[in-house]
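Chemist: Protein chains in written order, with the numbering used here: chain P, 1 to 264; chain V, 265 to 528.
These aren't lab readings, by the way, just hints derived from the structure by calculation.
Check before you lean on any hint, since a few could be wrong.
Stated by the list, open to error - No more than 20 Å apart at the CA atoms, straight line, and that leaves these computed lysine to aspartate or glutamate pairs for DMTMM-like:
id, chain 1, residue 1, chain 2, residue 2
1, P, K98, V, E416
2, V, K362, P, D245
3, P, K98, V, D510
4, V, K362, P, D241
5, P, K98, V, D509
6, P, K98, V, E376
7, V, K362, P, D249
8, V, K362, P, E200
Since the model is a prediction, treat every value here as computed from it, not as a measurement.
Number of protein chains: 2
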Amino acid sequence: MREKITLSLIRRGGWCGDWPTMAAMSEPELSPSATTIPSTPFTEAERAAVYRAIYERRDMRHFAGGVVDEAVLLRLLRAAHHAPSVGFMQPWRFIRIKNAALRQAIHGLVEEERVRTARALGAREEDFMQLKVQGVLDAAEVLVVAMPPGREAHIFGRRTLPEMDIASSGCAIQNLWLAARAEGLGMGWVSIFDPQALAELLQMPAGAHPLGVLCLGPVDGYYAEPMLQQEKWASRAPLQDMLMDDLWDASRIAPPPAGKQHGA
Amino acid sequence: MREKITLSLIRRGGWCGDWPTMAAMSEPELSPSATTIPSTPFTEAERAAVYRAIYERRDMRHFAGGVVDEAVLLRLLRAAHHAPSVGFMQPWRFIRIKNAALRQAIHGLVEEERVRTARALGAREEDFMQLKVQGVLDAAEVLVVAMPPGREAHIFGRRTLPEMDIASSGCAIQNLWLAARAEGLGMGWVSIFDPQALAELLQMPAGAHPLGVLCLGPVDGYYAEPMLQQEKWASRAPLQDMLMDDLWDASRIAPPPAGKQHGA
Chain P
1 MREKITLSLI RRGGWCGDWP TMAAMSEPEL SPSATTIPST PFTEAERAAV YRAIYERRDM
61 RHFAGGVVDE AVLLRLLRAA HHAPSVGFMQ PWRFIRIKNA ALRQAIHGLV EEERVRTARA
121 LGAREEDFMQ LKVQGVLDAA EVLVVAMPPG REAHIFGRRT LPEMDIASSG CAIQNLWLAA
181 RAEGLGMGWV SIFDPQALAE LLQMPAGAHP LGVLCLGPVD GYYAEPMLQQ EKWASRAPLQ
241 DMLMDDLWDA SRIAPPPAGK QHGA
Chain V
265 MREKITLSLI RRGGWCGDWP TMAAMSEPEL SPSATTIPST PFTEAERAAV YRAIYERRDM
325 RHFAGGVVDE AVLLRLLRAA HHAPSVGFMQ PWRFIRIKNA ALRQAIHGLV EEERVRTARA
385 LGAREEDFMQ LKVQGVLDAA EVLVVAMPPG REAHIFGRRT LPEMDIASSG CAIQNLWLAA
445 RAEGLGMGWV SIFDPQALAE LLQMPAGAHP LGVLCLGPVD GYYAEPMLQQ EKWASRAPLQ
505 DMLMDDLWDA SRIAPPPAGK QHGA
């Protein structure tokens, strides 16, 4: 079955009519009689592959141009679409930016917000401005992720936590990211833009909610450690500082983020 | 290196002092001289393992009791902690519920909100009440995920999209979920509770933000398809309805979710 998932051909109607390879896109299928999948652990090698994807995934800002094979792109998007979602609402939509002028305009929005964020950072303005966001121009593909209008109708798991649509979309993007690592591609999630301006640029209806600009494509290599750690912006906290037993324990939490964030 | 990631021993100080196996918990390490990881695709078998985890992960509500080996639990939490986060803010905290009375109290909060959600669903009240949330009582482990106070100091990637902390936490939970599938464990993400009441119960400080109650542990099997699809609550949308080119295209989007959600 695993082989079938990875290799299965694409079977459905085209994305926008001009993608012949979409013609056979399919969801993975189980035997109709199966009601459960055995809960056996993966083999050691399979587990290692899953952890490898998790540990080697990076938020990339440097891309090597090139192209993403359409069949690979669809595998990534299908992986994203198999994320969990609250009440199975599937709140993610992916807009593939094919038009070069539109990509330039998105880059422009990011540059505008980059300057505004830098100013708001005060003492760290210069550090921040060193961190270029070239991915929008250089990556083989740019995908805008947005949530559709009408989400307020979904109250299953959202009556008291309406933000669960965002959390679900985060899961979808993480699936895409891990699959991209497995395929040897890099991805960066850019959230430095005015969402209202991006929504207008892409003619989104009222109530749509843009969540990110994903830069995706070939890279020369993945950063050995997270780029923001390499650049001394921040470093990974010890795992223990993330863990508590039973009750919140302020003594276990690392120094307040504000100090770290704005410190030298 | 892959083997090292999966098998590496635990090296740091205890979680709360009473977990001797925490004594050697380590992050995966790269050779200090490495600045990049080659961007070669995974082997076919490795890729298949990653996609298998993505496609076989389920939001589980049925658990088989038992225990989660502590070394496995730490592998899962370490996987979660290696998620991407906006500006590397690492907004996730995991509270392991060890106290039985506390777990009962959390179950009580979920039951209260379940009734309220059912009423709010109107026509689908009965369908919804059929969907039990026994995981909080039956799962080997219960982990509460919450974000710490002080997040407003992090404006990198959040000046215009403050919800990126939630999206990042979603990525961490998805890592945990996929790793749990690889380990042969089930996980369910419960978001049916009053976050204020849960925050008070666990003595969270003002500004902390609970995001979910994760039920984790052995299961008899994974649902062959998502449980809410098996129960005819909702079904997976065709992938093409999630995809657009360049501009928002309302014609490509499936019937409005409200119709689906509240229909028969």
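Chemist: Evaluate each hint against the coordinates.
Modeler: We went through each hint and held it up to the structure:
no. : hint            : in the structure
1   : P/K98 - V/E416  : violated (35 Å)
2   : V/K362 - P/D245 : holds (7 Å)
3   : P/K98 - V/D510  : holds (6 Å)
4   : V/K362 - P/D241 : holds (18 Å)
5   : P/K98 - V/D509  : holds (7 Å)
6   : P/K98 - V/E376  : violated (48 Å)
7   : V/K362 - P/D249 : holds (14 Å)
8   : V/K362 - P/E200 : violated (49 Å)
Taken one by one, the earlier hints fail for this structure at numbers 1, 6 and 8, listed in ascending order.
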